Each structure stands twice: as structure tokens, then as C-alpha cells.
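Starting from the known structure of chain E, fit chain L onto it as the hints suggest.
Heads up: the protein sequence lines correspond to chains E and L, in order. Going by our numbering, 754 is the number at position 86 of the first sequence; the sequence numbering is gapless. Going by our numbering, 211 is the number at position 127 of the second sequence; the sequence numbering is gapless.
Worth flagging that the hints you see were computed from the coordinates, not collected in a lab. Please read these numbers as outputs of a predicted model, since none were measured by experiment. Misleading hints may appear alongside valid ones.
[Unchecked claim] Using 27 angstroms as the maximum straight-line C-alpha spacing, the simulated DSSO-like pairs for lysine-lysine come out as follows:
| hint | chain 1 | residue 1 | chain 2 | residue 2 |
| --- | --- | --- | --- | --- |
| 1 | L | 386 | E | 952 |
| 2 | E | 960 | E | 830 |
| 3 | E | 833 | E | 856 |
| 4 | E | 781 | L | 386 |
| 5 | E | 726 | E | 781 |
| 6 | E | 830 | E | 856 |
| 7 | L | 309 | E | 960 |
Listed below, chain by chain, are the residues.
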Amino acid sequence: MNTSFLLQLLVNGLVVGTLYGVVAMSFVLIYKATQVVNFAQGELLLIGAWVCWLMLTKYQVPFWVGMPLTLVFMFAFGIAVQVVILRPMIGEPIISVIMVTIGLSTVFQAALKWMFGVNPQPFPPVFASKAVDLFGLQIQTVYVMSLVVSVLMMLGMAWFFKVSKYGLAMRATAFNQQVAQSLGISVKNVFAMAWAISATVSAVAGVVVAVVNGVSSGLSAYGIKVFPAAILGGLDSVGGAVLGGIIIGLLENVAQYVDSQYLHWGNLYEIAPFYVLIIILMIKPYGLFGTKDIERI
Amino acid sequence: MVARSTIPAGDFRTSYAADTTIFPTRTSRNFAIAGVILLCFAPQAFSEYWLSVAIQIGIFAIAALGLNILVGFTGQISIGQAGFFLLGAFTSAYINNTYAIPVFFAIPLAGVITALVGLVFGLPAARLKGLYLVIATLAAQYILLDFFSRAEWFSGGSVPASANPFSIFGYTLRGDRQYFYVVLAYVLVCYLLVTNLMRTRDGRALIAIRDHYLSAEIMGINLTKYRTLSFGLAAFFAGIAGALYAHYQLVISQEGFGIERSILFLAMIIIGGTGSIMGTLMGTAFVVLLPESMEWLSHNLKGSSIDKALALNNNITFLREIAIGMIIIAFLMFEPDGLAHRWRQIKTYWKLYPFSH
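Okay, chain E solo, but in the shape it has when bound (with noise of 0.2 angstroms):
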């Protein structure tokens, strides 16, 4: 036993877990409060990191400046996304939606891949100390603001939707669409809200990846990682998809210890997400916290 370097990856779990958890969180948002599979929620934490990268090297605006600036765009590109592509899709068959946002992705995908180039790029060093001492652990500042950011997200999430009125109106719209519009909420509103929230979120958890890792086409893996998590969690449940993402962090992490101990297979870390993906739809469908579908006709 290696215990050092499992403590090292557990940490390393825990940090990407919660970023799982928060794109996950974001997922599960927008499928909420609007029932449609976010094919495309990678790529718009890919935005959100490409457009952070771009302000703070090509514009040199500071990180305390470019950030929020990044948030704004976010939103607004949420909404704009959720207006011009997915209003008019409202009332089409639940396919079609969900390969409107696969075409998104593609085109998403291929045109980041056209303005910054395929290869990846550093993030400029946004932390003047590299790693902090925690209880005799070396653990990076970024791991630690990442933690810190993360469930600075989740908290704030858990009060939009108990106080804020415009959670409440998402959490009605969620529960009944047309009751929701008989008691006086724009669903058109709530519905573009939930796109926009959404890609600010991503886009927070993507400027956190980059500043770890550096930006490159292939964060866009977090919008794929967040589906074992989302499941697990429960495709509809915000605090499910936390737990979701947390334990597929760990997971990995944990697969990539007995691989790199025990198995010697090579890439267990990026596969093993997907195997417990397809044991939990065979054993477990709805997910920890997720809801039974009961349909009425």
C-alpha cells in the first residue's frame, strides 16, 4: 500500500468531484426546469474558459476583472442560446431536443476548435504561492480555491432556490408548467433564467479546470463526465448531482490507484465512470434522490 499517493489522489478526487458535482448541478438544472438533456453543457464550461483565457492574455485585464466579465457574457450567451435555438424547439418531441443540443456541441465544439487552435493553452499563474501546507499535506492553491469556489456555487444554489423568488418560480415551473403559468410566472422567463444560471455555473467550474489544467478542447469531457454523475445522483435531484459528481471524483481516482497498483490495464480512470454508469441503470434507473416517473394519461 501506497498510502501517500492514495491520499494524494483522494484529495485530487475530492477537487474534481465537486467541479463534477457543480456541472453536474448545472445539468440537472436546466433538465429541471426545462426537460430537455443538455447535450452541449461541456462545451459551454468550454466557452466560459476560453473566453476567461482570452480576456486575461490577449486583453491582459485582471483576473479579479476578467472573471465576472466572463459571468456576464455567460449569461447573456445562456439566454441567447435558449432563445434564438431552443424556444422555438418548445412543444417538439423530446428527441429532437436533445439532438438540437447534440448539434450544438458539434458546432460549439468545432468552432472553439477554429478560433483558439487544437492545442492547449496555459492559464496565466493566477495565485502567487503555488501550494499551501494543510495537516503535512501538500495541496496546490488552485485544488483549495477550486474547493472553496465550488461550494461557494453549491451554497448559493441551495439559497436561490429555498428564498430567492425567482428560484421559487423555477422550482414551481419544474413541478407543473401549467399551473406555474396560471399562478402568474413567465415559463418563457424561467426557462431562459435556467439556461442562463446554467452556463454561468459551467462557466465558473470551467475557469477553475483552466486555471488547474490550462484550456484545451478537451474540458469539454466534464459536459460527458456529468452524465455518470447525474444519473447516480438522480437525473432530477440539484443536491443528488453533488453527491453524484462527488462519488464519481473518487471513483475515478480510486480506479486509477488499483489500476496503477494492481491491474496494470492503462485507463481505467477515464472508462470507469462509464461502467458504473451502465450498472446503475440496470440496478438503480432513477438514481439516490431521484424521482419515480408515474405517468398519468
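Quick look at chain L alone, frame taken from chain E:
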């Protein structure tokens, strides 16, 4: 089955059999037969290059047909079709190389094996809504590709696997000109099979599930059975197409068969028309010919100001992906029934021309 508007006036159907015929009129049947006969002369008429394009259209059309059974007729989505395509390719090459089963039998056998593997992934999701199947097939795509890169005994790992050319009764077919007929035969058989499947009790059950799965279940249709069946069929045709591709290319590598290729298969049926068998062929032709036409366009624009501003030639691959994505979105928004619908409208227009009102 057939659009009312294409049936001649005064032609009333009096029996159920007459209503479900494949060809509504004798002329349309004669045209179809004449088209196939004309295609038989294609290897003499076309250049080597266009022949290879035609073969590609044929092969991908079979895989897209399988996907259309799943998406267009049963209302489920799969984004793992490329994984199953590749599985068919490797399986056919493997059983041909290892067990000395002739290629002639290896191709259908590869289809069957792919279908069985497909069922493993489809089973958990078949109990559930289409949403979950998308995610299961996403996992299937990644797991299969990971397996291919790992299993050296099966797929050569990082080295491309080799396949033998198609041979029949000891006579080996070489070159595009001869292989064209193999693909043509397979396309014909597969398309006829699926057309006929949709006229049977099982085909109607699939359509009923697509339209309203609860009502279908209440009418006594076994949802799990038919969803699993349609998923197996989708994998089967992907496997057949993959096997044909393997014995056409003679080397198979997993390069270019990631998730993008699965999305390309989806694009084919969306553009052609989900739930339309002939549309699948049109959509495949569209998607295969799109890069060719973009190549041609960028070649013609070479040196012009547009080319300099956008650096078209260097970025042709990205532009192609953008175009595919945009076309998917545009078709879903403005022409959800695809090219098949457009084609019907053109036929209707000419039938009544010049008195269209």
C-alpha cells in the same frame, strides 16, 4: 404508408394488402427496378473516385438504416452507433482471420454478434424511457472504444487490424468495381428487409411505441421486448455495415469512429427524415457528399479574399463539423421530416403541375 397525394385520382384501395404495398403504382415499381438495373452499370460509367464515394454511401446507409429503426420508428435515440459499427468491423475480420470462416458468412455473423452485444447495453435501458437509452449508448460508445484499444488479441490494440478481401466460391473480388456489387446487394436486401418489417405486425408495434408508449402497452404490446428488439436491430445493421466496411478498407483502425461519427449517423437520418426508409438513403448521400462539395467550394475560393480572411483551407475539417452541426439544428427546426418530406412535396407539385390549386 404512402402519402395520399402521390396516389393517382380514382385509385381506391379496397384491401389491407393493397394499402400496405411498397410501391403505390405500377410505374413507381418499374422506376425502382429500372433504377437498380441502371445502378448495376455504374461501375462501368463512374470513375474510380466516384465509385468509392458511392460505396461509402451504401455502407453508411445500412448503418443509418439501423439507427432509423431505433430513432425514427421506435422513438429512442442512440449515440453509440459508431461503436457498434466498429464492433462489426473488428468481429468480421476476427472471425474470418481466426476461425477461417469465409467472408461471405462472416459478414452476417458479425451482424448477429454485434446485435447480441448491443442487447447487453440496450437491456437496462429498454425498460426505461428514451432518455436513459441515450446515456446508456453514450457509455457503450466509450466502453467499446476502450475495449478495442485494449484487446490486442481482438482488434490489434493500437495497431490497425487487417481484414481479407471479399471472396465467394474461391473467387476473390478485388477493387472498387467488383466490391460495388457486394455493397449494392447488401443495400438492396437490407432496405427491402426493413421496408417489409415495417409492414408487419412487429413493425406496427414499434411505430405504436413511438407514438405513445403507454397506449401501446395498454393495447398489449410488450414494451421491453420491442424496445430491446429495435435496439438489437439497430446494432445488427451497424454490425453488417461495419463488416462491409472492414472488407472494403482491408485495414480497420478506430481512428475517426468516436462520438463524432455517431453524431454523423444521427445527422444522416435527421437530414433524410426520421421514420423514412428512402429518406435514410438520401440523408446518407447528403452527409457523405457534403465534405466533397465543401472541398470543391474551398478549392474554388482558393486565393480569394474570403479564403484569406477565414483561412478556409487550413480549417476545412472544423468548417465541416460546424456545417454538420448547423445542418442538424436547421433541419430539426425548419424541416423536421427531412429530405424525404421535401421529396414528397416536389412529387406532389409536379403531379398537379401546372394546376397546383
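Quick rundown of the hints versus the structure:
1. L:386 <-> E:952: Given that 27 angstroms is the threshold and the Cα spacing comes to 56 angstroms, the pair is violated.
2. E:960 <-> E:830: Distance of about 23 angstroms is within 27 angstroms: holds.
3. E:833 <-> E:856: 16 angstroms, holds
4. E:781 <-> L:386: Distance ~21 angstroms between residue 781 of chain E and residue 386 of chain L Cα, so the pair holds.
5. E:726 <-> E:781: 17 angstroms, holds
6. E:830 <-> E:856: Measuring from Cα to Cα gives roughly 21 angstroms; hence the hint holds.
7. L:309 <-> E:960: 22 angstroms, holds
In summary, the structure is inconsistent with hint 1 from the numbered list given earlier, while agreeing with all the others.
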